[in-house]
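Novice: What follows is the residue order along each chain.
There are 2 protein chains.
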Amino acid sequence: MRLATFRRHGDEPHVRQVGLVLGQGEHVRVHPFDPGFDLVGLLAGSPEWRDSQADVAAAGDGLPLDEIVLLPPVYPVAMRDFLTFEAHVDGMERGHGNPGPPAAWYDAPVFLFMAPHAVTGPYDDVPMPPDTERLDFELEVAAIVCRDVRDVTPEEARDAIGGYCVMNDWSARDVQGKEMSLKLGPSKGKDFATTIGPWVVTADELDDCRDAEGFLDLEMTVRVNEQPIGGDRSGHMGWSFEQLVSHASRASWVKAGEVLASGTCSTGSLAESWGRNGSLVPPPLQVGDVVEMTIERLGTIRNRVAPPEESVAPVAPARRRTRLEASA
Amino acid sequence: MRLATFRRHGDEPHVRQVGLVLGQGEHVRVHPFDPGFDLVGLLAGSPEWRDSQADVAAAGDGLPLDEIVLLPPVYPVAMRDFLTFEAHVDGMERGHGNPGPPAAWYDAPVFLFMAPHAVTGPYDDVPMPPDTERLDFELEVAAIVCRDVRDVTPEEARDAIGGYCVMNDWSARDVQGKEMSLKLGPSKGKDFATTIGPWVVTADELDDCRDAEGFLDLEMTVRVNEQPIGGDRSGHMGWSFEQLVSHASRASWVKAGEVLASGTCSTGSLAESWGRNGSLVPPPLQVGDVVEMTIERLGTIRNRVAPPEESVAPVAPARRRTRLEASA
Numbered sequence: 001m002r003l004a005t006f007r008r009h010g011d012e013p014h015v016r017q018v019g020l021v022l023g024q025g026e027h028v029r030v031h032p033f034d035p036g037f038d039l040v041g042l043l044a045g046s047p048e049w050r051d052s053q054a055d056v057a058a059a060g061d062g063l064p065l066d067e068i069v070l071l072p073p074v075y076p077v078a079m080r081d082f083l084t085f086e087a088h089v090d091g092m093e094r095g096h097g098n099p100g101p102p103a104a105w106y107d108a109p110v111f112l113f114m115a116p117h118a119v120t121g122p123y124d125d126v127p128m129p130p131d132t133e134r135l136d137f138e139l140e141v142a143a144i145v146c147r148d149v150r151d152v153t154p155e156e157a158r159d160a161i162g163g164y165c166v167m168n169d170w171s172a173r174d175v176q177g178k179e180m181s182l183k184l185g186p187s188k189g190k191d192f193a194t195t196i197g198p199w200v201v202t203a204d205e206l207d208d209c210r211d212a213e214g215f216l217d218l219e220m221t222v223r224v225n226e227q228p229i230g231g232d233r234s235g236h237m238g239w240s241f242e243q244l245v246s247h248a249s250r251a252s253w254v255k256a257g258e259v260l261a262s263g264t265c266s267t268g269s270l271a272e273s274w275g276r277n278g279s280l281v282p283p284p285l286q287v288g289d290v291v292e293m294t295i296e297r298l299g300t301i302r303n304r305v306a307p308p309e310e311s312v313a314p315v316a317p318a319r320r321r322t323r324l325e326a327s328a
Numbered sequence: 001m002r003l004a005t006f007r008r009h010g011d012e013p014h015v016r017q018v019g020l021v022l023g024q025g026e027h028v029r030v031h032p033f034d035p036g037f038d039l040v041g042l043l044a045g046s047p048e049w050r051d052s053q054a055d056v057a058a059a060g061d062g063l064p065l066d067e068i069v070l071l072p073p074v075y076p077v078a079m080r081d082f083l084t085f086e087a088h089v090d091g092m093e094r095g096h097g098n099p100g101p102p103a104a105w106y107d108a109p110v111f112l113f114m115a116p117h118a119v120t121g122p123y124d125d126v127p128m129p130p131d132t133e134r135l136d137f138e139l140e141v142a143a144i145v146c147r148d149v150r151d152v153t154p155e156e157a158r159d160a161i162g163g164y165c166v167m168n169d170w171s172a173r174d175v176q177g178k179e180m181s182l183k184l185g186p187s188k189g190k191d192f193a194t195t196i197g198p199w200v201v202t203a204d205e206l207d208d209c210r211d212a213e214g215f216l217d218l219e220m221t222v223r224v225n226e227q228p229i230g231g232d233r234s235g236h237m238g239w240s241f242e243q244l245v246s247h248a249s250r251a252s253w254v255k256a257g258e259v260l261a262s263g264t265c266s267t268g269s270l271a272e273s274w275g276r277n278g279s280l281v282p283p284p285l286q287v288g289d290v291v292e293m294t295i296e297r298l299g300t301i302r303n304r305v306a307p308p309e310e311s312v313a314p315v316a317p318a319r320r321r322t323r324l325e326a327s328a
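Chains A and B, in that order, are what the protein sequence lines are. Numbering-wise, full-length UniProt numbering puts 151 at position 151 of the first sequence, and it's gapless, one number per residue. Numbering-wise, full-length UniProt numbering puts 273 at position 273 of the second sequence, and it's gapless, one number per residue.
Just so you know, these hints were derived from the structure itself, not from any lab. Among the hints, a few may not be true.
Using C-beta positions, here's what the derived DEER-type ranges look like [as the list claims (entries may be wrong)]:
(1) His27(B) / Pro314(A): 43 to 51 Å
(2) Asp34(A) / Ala212(B): 52 to 60 Å
(3) Asp107(B) / Val281(A): 44 to 52 Å
The beta carbon of each residue, even a glycine, is placed where N, CA and C say it ideally should be.
Pulled out of the complex, with its shape left as it was, chain A reads as follows (with noise of 0.2 Å):
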């Protein structure tokens, strides 16, 4: 089942509905359920009880895509980015003159808590964030927390993941840089634009999809203005997204609307290549670029790079004092 969150032309920009995606290409409708129904509380419910939901929503009328908005399918309570293609990890690592992942890469999947407020809709315009000459994208399969747990095994954990959708995770690779050299990760490099969609796939949908380890084994791809520029298979992620689930839960809540990505696959942004190439190529992202990413069996994501927004000017620099204080 295919579940969006979307608004109609028209509407007052808070106003979030949930629907059911039936059809394919130019056929697709979004049939509404009714208002009060929570994405995140069908992912929750028993495939009976939503396969009852979904049969009163598709009974209704459906909406083309072009009477509606398609927002976030979910506007995360909290959002963590993992590192788990090994591919992707190599390329980066030699952009910083490091011979390949370092050997803790393969201890334990590590992850980052991202900016929760920066979701935004499959098919928005991203405006060029400040400060950056450097832009680039990350193709990510995200997967969505429907339940709170705590301390759960892999299999505990696969009854909390609800569903899947794409996420392209914007990143400003100049600012980025510049945060990860005093060792905190980045914040404002990548807190401008987190697109996620075009809609949530149910997990129960895509049991087809998985190896003989059980990892879910998606093709991806991202195309750059039209151009084939990237791919990988969400099978080469080092670890499931039930181990993902469990390693964030050990001695720590993972909740109800939290978004989960598996980070960036092989080849599914510029910077890995840049670090391969040991220079600029391809290009870094332009205002009018369009970036596609599309996962089998979980739609496509297309977003134009827009002209960057009025932004307040940077903070002055630190006030030096205690330097001084310190080595006195």
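Dock chain B against the given chain A, drawing on the hints supplied.
Specialist: What follows is chain B alone, placed relative to chain A:
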């Protein structure tokens, strides 16, 4: 005005009520607001309206602290931790074998997003997290955001900060170090507990604590097992909280209910001493240790390190696959 979140002993675990804190020391009493009042909503209201609501609460009976459980004053919609104390960065960098803060530190206030579900109450026990032999504390000031802002100047940001409280950003330094070697910043090294409290002091109450440049300047101290172990002044931050909000808001939302923290003050953690001393002196925290943090005007939080809870087993190492393919 001081505002606390609490439940009475015997209340269901999900119950949260907001109260006005009156009195000092043993005479502290928490006077409940009517159910339905929200702490962030009280911070966002005008001082006059808040005062009138407080008058109503003050007229009712007050509860002594032994009749209630103080909860985290807010359950953040997002949490950012900055790195603003120059002398702390200096000590940490020495621990990494560097001569002092990198030049990039001075340019802009870097931050990370933290685990928003890990907040714990001001007097709660904190179980020893798994996988660590280097448990540490971090003494910080936290600001509570009460309005949604985007692209605001420091002057405009002032209105968005509703109040302040004490924060202990508990850290498993060995876990954190390993994660930071992967350039994503700490995740499991810091996601098990972040103590905030004991209550929120409204920003208008602290206008007399600002220095000539408008920086909040409060004495901060930390004691372990009743022995003073570190302390600093919030005036030693490299940027004011208004500048932190402004920076975070550049091309991005900062939303009501967020917590923005100063980062660790100098000598406000053990790791800074480990960096300077080149050895684990003072020793890492052990089960039974009590960490007590006091910030002038904001109050005291006090937490005992409890025995570890039972955790799920670590996940398996990465499935190696693409490495072979990539190098083929």
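Novice: Of the numbered hints stated previously, which ones are contradicted by the structure, given in increasing order?
Specialist: 3
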